[in-house]
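Colleague: Below are the chains, spelled out letter by letter.
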Amino acid sequence: MDQIFAANSTLAATIGGVLIGLSAVLLMATTGRIAGISGFVSRLLPPYTDDGFLARIAFIAGLVAAPLIYSFATGSGIGISVSSSVPLLIAAGLLVGFGAVRGGGCTSGHGVCGIARLSPRSIVATLVFMATAVATVFIARHVIGG
Amino acid sequence: MQIMISFVAGLLFSLGLLISGLINPAKVQNFLDLAGTWDPSLAFTMAAAIATTTIGYRLAFRNSRPLFADAFQLPIAKAIDVRLVGGAAVFGIGWGLIGFCPGPAVAALSTGSTSAFIFVGAMLAGMFLARTLERPSSPSAPQTKI
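Chains as they are written, first to last, in the numbering used here: chain A, 1 to 146; chain B, 147 to 292.
Bear in mind the hints are in silico, worked out from the structure with no lab data behind them. In this text, a Cβ means the ideal position worked out from N, Cα and C, and glycines have one as well. Be careful, since some hints might not be right.
Now the in silico label distances, taken between C-beta atoms and shown as ranges [unchecked claim]: (1) A:D50 with B:K224: 18 to 24 Å; (2) A:L11 with B:F263: 30 to 36 Å; (3) A:H142 with B:N209: 20 to 26 Å; (4) B:D227 with A:L44: 24 to 30 Å; (5) A:D51 with B:I222: 40 to 46 Å; (6) B:D216 with A:P47: 29 to 35 Å; (7) A:G75 with B:D227: 20 to 26 Å; (8) A:D50 with B:L275: 18 to 24 Å; (9) A:V143 with B:I222: 37 to 43 Å; (10) A:S81 with B:F214: 36 to 42 Å.
List time: in silico SDA-like cross-link candidates among lysine to any residue, alpha-carbon distance up to 20 Å [stated by the list, open to error]: (11) B:K224 with A:L118; (12) B:K224 with B:I239; (13) B:K224 with A:L127; (14) B:K224 with A:I123; (15) B:K224 with A:V124; (16) B:K224 with A:S84.
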């Protein structure tokens with residue numbers, strides 16, 4: 001992947017975005033559901049309010065399977081670079097999980113599907129979480145330093 | 147059929163995360179780091195995903211119902227309230243701290259990264275907490291929250 005796309009990360013970023021959009025459209029056109037990952041994941045936990053459990057499991061299985069298939073097919077690993085600080089990971093995970101459910105969506109449900117529907121709630125949510133995310137990175141990297 | 151398609155949609159979505167680089171927290175943090183090592187490429191991912199979804203949703207909504215379900219399940223919530231804005235703000239802080247939002251974090255489980263497992267575990271705990279708080283005040287289906 002890196003070799004193919006390193007030369008043009010803008011192109012890769014755009015193609016990736018189109019695929020994410022196609023996934024959202026496929027889901028809506030066939031199952032009538034918003035592709036909201038935080039909604040899918042959080043509704044794997046009780047209480048269960050509808051019959052979509054298996055479909056959600058299937059979507060999440062697809063999410064996890066694609067990199068495995070990709071690695072297997074190309075023989076190259078998926079390189080991610082992420083903090084290994086356990087307290088930071090726990091704090092961030094709690095905030096992301098809590099905030100996504102509280103705010104009714106995340107980057108996918110609000111940021112892609114909601115904005116595509118011109119939902120005012122999603123536009124506001126996206127502007128807010130982009131702003132606090134940018135502010136957080138600014139403080140972590142440039143104020144506290146790191 | 148819904149289950150099959152949800153799996154395929156999950157694969158597509160994950161492939162998009164992979165090709166765009168959104169699966170990689172370091173890249174996401176660079177995207178958010180406007181004052182430092184800013185990497186604008188993920189803006190193309192977001193724009194392409196939104197554009198694709200906007201067009202695709204319009205086509206999908208020409209039908210009166212989805213192909214394999216009874217009805218489109220669109221969010222009906224309209225209120226822009228403290229819960230939405232506060233949730234989104236908290237979500238953004240967590241996203242900025244590590245660079246994982248729910249989709250990429252779940253997809254990154256496939257890499258076997260310990261950090262991804264810790265993050266997802268904490269995220270589930272945060273989701274559970276938020277859903278527990280929600281239960282008494284909103285008996286309506288959470289399907290309507292985005």
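Colleague: Taking the hints in turn, state whether each one holds.
Modeller: Okay, the hints, checked on the actual structure:
1. Checked against the given bound of 18 to 24 Å, the beta carbons of D50 (chain A) and K224 (chain B), roughly 21 Å apart, stay inside it.
2. For the pair L11 (chain A) and F263 (chain B), the supplied restraint of 30 to 36 Å holds, since their beta-carbon distance comes to about 32 Å.
3. For the pair H142 (chain A) and N209 (chain B), the supplied restraint of 20 to 26 Å is violated, since their beta-carbon distance comes to about 49 Å.
4. A C-beta distance of roughly 26 Å is found between D227 (chain B) and L44 (chain A), which places it inside the suggested range of 24 to 30 Å.
5. Distance hint for D51 (chain A) and I222 (chain B): a CB-CB separation of about 19 Å, inconsistent with the stated range 40 to 46 Å.
6. Take D216 (chain B) and P47 (chain A): their Cβ atoms lie about 22 Å apart, and the range 29 to 35 Å is violated.
7. For G75 (chain A) and D227 (chain B), the Cβ-Cβ distance of about 50 Å falls outside the hinted range of 20 to 26 Å, so the restraint is violated.
8. Under the hint 18 to 24 Å, the C-beta atoms of D50 (chain A) and L275 (chain B), about 22 Å apart, fit the expected range.
9. For V143 (chain A) and I222 (chain B), the hinted distance range of 37 to 43 Å is satisfied, since their beta carbons lie about 41 Å from each other.
10. Range check, S81 (chain A) to F214 (chain B): about 39 Å between beta-carbon atoms, so the 36 to 42 Å window is met.
11. Between the alpha carbons of K224 (chain B) and L118 (chain A) the distance comes to roughly 12 Å, so the proposed pair stays at or under 20 Å and holds.
12. Between K224 (chain B) and I239 (chain B) the alpha-carbon distance is near 24 Å, which puts this suggested pair outside the 20 Å criterion.
13. Taking the CA atoms of K224 (chain B) and L127 (chain A), the gap is about 17 Å. The hint holds against a cut of 20 Å.
14. Under the criterion of a C-alpha separation no larger than 20 Å, the hint pairing K224 (chain B) with I123 (chain A) is consistent with the structure, at around 12 Å.
15. With a C-alpha separation of about 11 Å, the suggested pairing of K224 (chain B) with V124 (chain A) holds against the 20 Å cut-off.
16. Straight-line distance between C-alpha atoms of K224 (chain B) and S84 (chain A) comes to about 39 Å, which puts the hinted pair past the 20 Å bound.
Violation of the numbered hints given earlier is confined to hints 3, 5, 6, 7, 12 and 16; the remaining hints are satisfied by the structure.
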